[in-house]
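**Student:** Use these hints to put chain B onto chain A, whose structure you have.
Top to bottom, those sequences are chains A and B.
So the mapping is simple: the working numbering equals the position in the first sequence, first residue as 1, plus 256.
So the mapping is simple: the working numbering equals the position in the second sequence, first residue as 1, plus 81.
Take these hints with a grain of salt, some might be off.
[As the list claims (entries may be wrong)] Once the Cα atoms are required to be at most 27 Å apart in a straight line, the calculated DSS-like pairs of lysine-lysine come out as:
#, chain 1, residue 1, chain 2, residue 2
1, B, LYS113, A, LYS261
2, B, LYS89, A, LYS261
3, B, LYS115, B, LYS101
4, B, LYS165, B, LYS190
5, A, LYS426, A, LYS414
6, A, LYS268, B, LYS115
7, A, LYS268, B, LYS129
8, B, LYS113, A, LYS325
9, A, LYS325, A, LYS268
10, A, LYS401, B, LYS126
11, B, LYS126, A, LYS268
12, A, LYS266, B, LYS115
13, B, LYS89, A, LYS426
14, A, LYS281, A, LYS401
If you are wondering where the hints come from, they were derived from the structure by calculation, not from laboratory data.
Chain by chain, the residues run as shown.
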Amino acid sequence: MLEDKLLIWKLKRGSRDALQRIYEKYRDDMLRIAAGLLNQTSSAEDAVHDVFTAFVCSAGSFELTGSLKGYLATCVANRARNMLRSQNRQRTVTLGDIEPAGSNFKRPDQWIIYDEQFSLLSNALAELPYEQKEAVILHIQGNMKFRDIARLQETSIKTAQSRYRYGITKLRSILDGEVPK
Amino acid sequence: MNIRRLIKNAKIRTSPDVNKAVLNDLIDTLDKSKNERSADMDVWKIIKFAAAAVIIIVICFFFTHHSRNGRIETPKVVRTSESKSPAQLTSLVSLNMAFRRGGMEAVEKQFAEADKKVRQSLKERITIEQLLCELGECEEI
Numbered sequence: 257m258l259e260d261k262l263l264i265w266k267l268k269r270g271s272r273d274a275l276q277r278i279y280e281k282y283r284d285d286m287l288r289i290a291a292g293l294l295n296q297t298s299s300a301e302d303a304v305h306d307v308f309t310a311f312v313c314s315a316g317s318f319e320l321t322g323s324l325k326g327y328l329a330t331c332v333a334n335r336a337r338n339m340l341r342s343q344n345r346q347r348t349v350t351l352g353d354i355e356p357a358g359s360n361f362k363r364p365d366q367w368i369i370y371d372e373q374f375s376l377l378s379n380a381l382a383e384l385p386y387e388q389k390e391a392v393i394l395h396i397q398g399n400m401k402f403r404d405i406a407r408l409q410e411t412s413i414k415t416a417q418s419r420y421r422y423g424i425t426k427l428r429s430i431l432d433g434e435v436p437k
Numbered sequence: 082m083n084i085r086r087l088i089k090n091a092k093i094r095t096s097p098d099v100n101k102a103v104l105n106d107l108i109d110t111l112d113k114s115k116n117e118r119s120a121d122m123d124v125w126k127i128i129k130f131a132a133a134a135v136i137i138i139v140i141c142f143f144f145t146h147h148s149r150n151g152r153i154e155t156p157k158v159v160r161t162s163e164s165k166s167p168a169q170l171t172s173l174v175s176l177n178m179a180f181r182r183g184g185m186e187a188v189e190k191q192f193a194e195a196d197k198k199v200r201q202s203l204k205e206r207i208t209i210e211q212l213l214c215e216l217g218e219c220e221e222i
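Excised from the complex, chain A in its bound form:
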């Protein structure tokens, strides 16, 4: 937390080292969140890239009130939502164009490389309703509190907790048959 504040302070003064440190510290977490939410490798990479770019552009006026990880996770979640909305509006993408997370196909410029466990998890997450998936990923991977998740989802804390609980239960039932205990 204190380190993040110091890094933000340095970033505001144009420090490249601070930017590199923030990027390396949170890159993998954000990619995991994006990949979990979007279930599509290229979109997840784009979302994280966009979030980091927007963060750098607004660094001059940025004021850190909570945790930086929480802030970036919220940005990724918002970006993922916007991307899904625009995809739903367009509906011109054929199924063949979509490259699901965890697929064996690998582009030469692919950023995320999945391990077997993440692929399994990603496929299971894809079966959850979006709100439940968001609650699970943001709470466990983004270390976000239910209060913040509820604010993001514009709902009550109880609802966010319920979504998380239902999501975990459903994930367990999906994965129970696939992962050896």
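**Tutor:** Only chain B this time, still in chain A's reference frame:
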């Protein structure tokens, strides 16, 4: 099965080349936004300097046009009764005005002032001989 642990432990790897490319891209963006910010800061500095200059000019203009011989003019005090002679103070017109201004009290005050002035003028003009005469010492001298 501990789903929470499974999600926590699920790792991804990233391509080092793409990591580097994205970081370079971000550094370029940072440099650009830094330059834009400094340009904005320069504009603000110019605006502040211009505003300060305008304020100073306005203050200087105010002082030069509203002062004479380097001193700010103070409003002139109209001195009515003090500048008048005892004869003027006791004239009918003057007494009439005083009555209108403050009734009998003002008239009395004006008489008192006229009396004071007469006494002062008498004191100024009187000589030692006249004083001695008044005291009945003239013949002895």
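**Student:** Need the list of violated hint numbers for this structure, in ascending order.
**Tutor:** Hint 10 alone not satisfied by this model.
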